[in-house]
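Participant: Sequence:
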Amino acid sequence: MRQLEEKRRTFDPARLFDEKAKIARVSRIRQFMFGSLDGLLVPLGVVSGVAGGTANSRIVVIAGVAEAFAGALSMGAGEYLSGKAEAEVQQAQIRDELDEIAVIPDVEKHEIELLFRHEGLSDDDARLVAEKVVTSERSWVNTMVEKELGLTVDPVGSPVRDSLAMGASYIVSSIVPLAPYLALPVRTAFPLSLALTILALFVIGLLKGRLAKTSLLRSAAEVV
7 MRQLEEKRRT FDPARLFDEK AKIARVSRIR QFMFGSLDGL LVPLGVVSGV AGGTANSRIV
67 VIAGVAEAFA GALSMGAGEY LSGKAEAEVQ QAQIRDELDE IAVIPDVEKH EIELLFRHEG
127 LSDDDARLVA EKVVTSERSW VNTMVEKELG LTVDPVGSPV RDSLAMGASY IVSSIVPLAP
187 YLALPVRTAF PLSLALTILA LFVIGLLKGR LAKTSLLRSA AEVV
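Just so you know, the sequence shown maps onto residues 7 to 230 in my numbering.
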């Protein structure tokens, strides 16, 4: 409640459209979570497995570093290609909608009426809103794309930025299970690597809970 009052007091119309950029940054929590979890657990499995077969910390480190870079590259490339494919499919759907607006505007206008009726407006109000919406091509397109297709004309995410976030999260997180083997004997490094990984998972869960505004402990427990 206090935050809402603060927003009312400091409201600046010029900053209204900054919210979209803010959402785009926060929405990368998916890439951060996915990359971080894999970056912790997969390298942990690799270095633990190698540590079980050798007492040479150098061999463990080499195996861990190799996996970290390969994993980050794989995760980043996978995120980029899947994100790009999704964006291309969505853009194709949007182009089809634009063609329909250009060729059969009467049908599309009627669809707007139906969409607003479905949201609870009366027949007269839905018709009035549709009349107003179609006077602006941009508003018309945005309304059809968002309400009929469930998409946005200007996508929130970016395949390149999302892939970088994924890859960077992976490579940074992989340092945690690997670090003990850089300075300690294998026998000592193994339990420390496991403990640090669990601690890192707990911290990631706390961060997720803070961003999602949910119970911090419950969020941390879900991740661990």
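Don't read these hints as lab results, they were simulated from the structure.
Keep in mind that a hint or two might mislead.
To be verified - Pairs of lysine-lysine, PhoX-like flavour, derived with a Cα cap of 25 Å: (1) Lys-90 - Lys-115; (2) Lys-90 - Lys-138; (3) Lys-138 - Lys-153; (4) Lys-153 - Lys-115.
Participant: Does each hint fit the structure? Answer for all of them.
Facilitator: Hint check results:
no. : hint              : result
1   : Lys-90 - Lys-115  : violated, 31 Å
2   : Lys-90 - Lys-138  : violated, 35 Å
3   : Lys-138 - Lys-153 : holds, 16 Å
4   : Lys-153 - Lys-115 : holds, 13 Å
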